[in-house]
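Taken in order, these protein sequences are the chains called A and B. Residue numbers for the first sequence follow this note's numbering, so the first one is 1209 and each next one is one higher. Residue numbers for the second sequence follow this note's numbering, so the first one is 1209 and each next one is one higher.
Read the hints as simulated data drawn from the structure, not as lab findings. Honestly, I wouldn't trust all of these hints.
Any copy will do: because identical chains look the same in the list, a pair fits if it lies in one copy or spans two.
PhoX-like, lysine-lysine: derived pairs with alpha carbons at most 25 Å apart [to be verified]:
id, residue 1, residue 2
1, Lys1415, Lys1233
2, Lys1296, Lys1415
3, Lys1233, Lys1512
4, Lys1296, Lys1512
5, Lys1284, Lys1512
Remember, predicted model here, so these are calculated numbers, not experimental data.
Protein chains: 2
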Amino acid sequence: MSEIRKDYITDTWVVISEERARRPKDFIRTHLKLQNSTCAFCGGNERQTPPEIFAYRSPGTVRDSPGWWVRTVPNKFPALRIEGSVEKHSTSIYSSMSGVGCHEVIIQSPAHDRPIALLPVDQVKEVLEMYRYRYEDLSRDRRFKYIIAFENHGAEAGASLEHPHSQLIATPMIPVHVASELRGADNYFTDMGGECIFDSILSEELKDGRRVVFQNESFVCIAPYASKYPYEMMILPRRHMSRFTDLTVVETSDLAAILKRSLYALYALLDDPPYNFYIHTAPINGRDYSFYHWHLEITPRVSKVAGFEGGTGFYINTLSPESAALQLAGEPARHAQSTMEGQVATAGTNLRLPEET
Amino acid sequence: MSEIRKDYITDTWVVISEERARRPKDFIRTHLKLQNSTCAFCGGNERQTPPEIFAYRSPGTVRDSPGWWVRTVPNKFPALRIEGSVEKHSTSIYSSMSGVGCHEVIIQSPAHDRPIALLPVDQVKEVLEMYRYRYEDLSRDRRFKYIIAFENHGAEAGASLEHPHSQLIATPMIPVHVASELRGADNYFTDMGGECIFDSILSEELKDGRRVVFQNESFVCIAPYASKYPYEMMILPRRHMSRFTDLTVVETSDLAAILKRSLYALYALLDDPPYNFYIHTAPINGRDYSFYHWHLEITPRVSKVAGFEGGTGFYINTLSPESAALQLAGEPARHAQSTMEGQVATAGTNLRLPEET
């Protein structure tokens, strides 16, 4: 019998329909090769991108030339443009506004074949610091209400260039998925007398253990209870903070380590599958969002979203998050049993993050 | 400059970002060939499916044997199962219920290579009558709150079998996308003193004309103002009715004609692209939904949904619905100008539905 689970945060339901033990190879897909000839993001081809906004680069090297290791440029084909004011037009049934916003690209490495899964942790940390710098800079623009950083990895996840890169889009309104998370978190906060729903989930998951994939001093990676996709993960800071930009230096290192570890687990288990990740943080230039708890969501794209999901928003997931956590965390039962005689082995709870591979 | 448009019905925003004139060939994709060997849905292989629920078949032929032209069987790998009661379990943060529901497959033709676009209109009508029969039958089951009929066409739209078929799933709750449409329609109805938002959209679109793709006596096919996907279409009944099952015999014929015409336009323009369609109708076994207006949505899958869309629910569409309507409707300007001297030519407004191809 399948099970229907509710995600209280976004008020959505998911069918967990695992009819048989699913193995990783059930989800491994043919790679669609993207173009690689004269890649604009490779080191040496800096002149093929719009002028650099910022880069981590060696002393003595100059803008738009080699010597960088993380580099931010405007998107050449932006969905939203930085120029102009936000102009709104409405009729009784239709409403539109000018496409003002910002669309930047963060090139994670000059190397074409080094996804985050294979980058040194220090470099992943610099990618995250770059996000933080761009968030802080763009937050000053009062036209923007929200900023999202995300990565599309692989053609099936919507990447149009193979070279690993993330993107950052600032929008003049709060997007609907974020709005529903805020509403869910706010309702819980009010109902529970000031308790954060993400804190409650963290403490419940750590107690239960079956859906914990990895953890370190500052972060926990879980396979969410109502996962929409096989191998979906959520990385939550242990400390309650509403904004990604509240990260301390130490927390940034810990996030880099657990993000790399989580993406490496996907890479190894599913042979470099397509995935998206994105950061959900509080909106900017608005009210107080102290009830919210920022986090990072990883959604592998190894199954198809079909008409049922599109028409209903109700997802069918053929891999339980408990199985996903067990597979992603490796063979935790062995670790757990050797250290906790008589206790039930739980997925990943006792795994240490390995040193950088 | 791109434009951001709001869909009042579901409270979502879409970026219409058409930087240059997009032509159909920009969206044509490589076909992923699905398996065809010993197809369980082909005529003659009836024993490979679970036992038939109902079929339109020639007199004298028997169940689970040839002689049928539209056939309904239970899904062999159902997401939800018909047996059992709806049992709910809740903790403070997690909620689940047993996966009770219903999952049926409607095989639209014994022929492997005849999608709806290429079926005779009479047979499309029988497919729709089959939906209606199954809706009516399953509505009697008090455990169910919603029924959705949908088609996944092509591997990239989530079809796991190539043989054209639609599916019908009954769920024990109202899915989130439907709930948000109901909320939007209900709010508008209340705010506007009893006016239906879909009726307002219909009358506005018919007056404007730029987004009208096809129309006949009972139905209008439009490219929605805030389309999330290139070539998205919505087929709306002219008569206000909350339920798909309220269709008259004549309306069923008209729906068959416009559905086939719309899917044929996609087929011809984009070389048989992957698509989903689904019917949004009022929930069953619940309150009065007379403020709602059922409709059919067609979502071609010719672009990728990436991290931005996944993380925000905010879509970037690289083809304006006005361009989509113009392309799908053929060359309407010529028709319009020849009959309406001096009037602005509008997409499709004056196109007659062709006879069955």
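Is it within, between, both, or neither for Lys1284 and Lys1512, if the alpha carbons may be no more than 25 Å apart?
-> between (29 Å within a copy, 18 Å between copies)
Intra- versus inter-copy proximity for Lys1512 and Lys1233 (alpha-carbon distance at most 25 Å) | both (16 Å within a copy, 23 Å between copies)
Up to 25 Å between alpha-carbons, please classify Lys1296 paired with Lys1415: within, between, both or neither.
-> Cα proximity of Lys1296 and Lys1415: across copies only (22 Å, versus 49 Å in one copy).
Since the copies are identical, ignore which copy is meant and state whether Lys1415 and Lys1233 lie within 25 Å (CA to CA) inside a copy, between copies, both or neither.
-> This pair counts as neither: shortest intra-copy Cα distance 30 Å, inter-copy 54 Å.
Please work out whether the CA atoms of Lys1296 and Lys1512 approach to 25 Å or closer within one copy, between two copies, in both situations, or in neither?
-> neither (36 Å within a copy, 28 Å between copies)
Figure legend: structure checked against the earlier numbered hints; hints not met, in rising order: 1 and 4.
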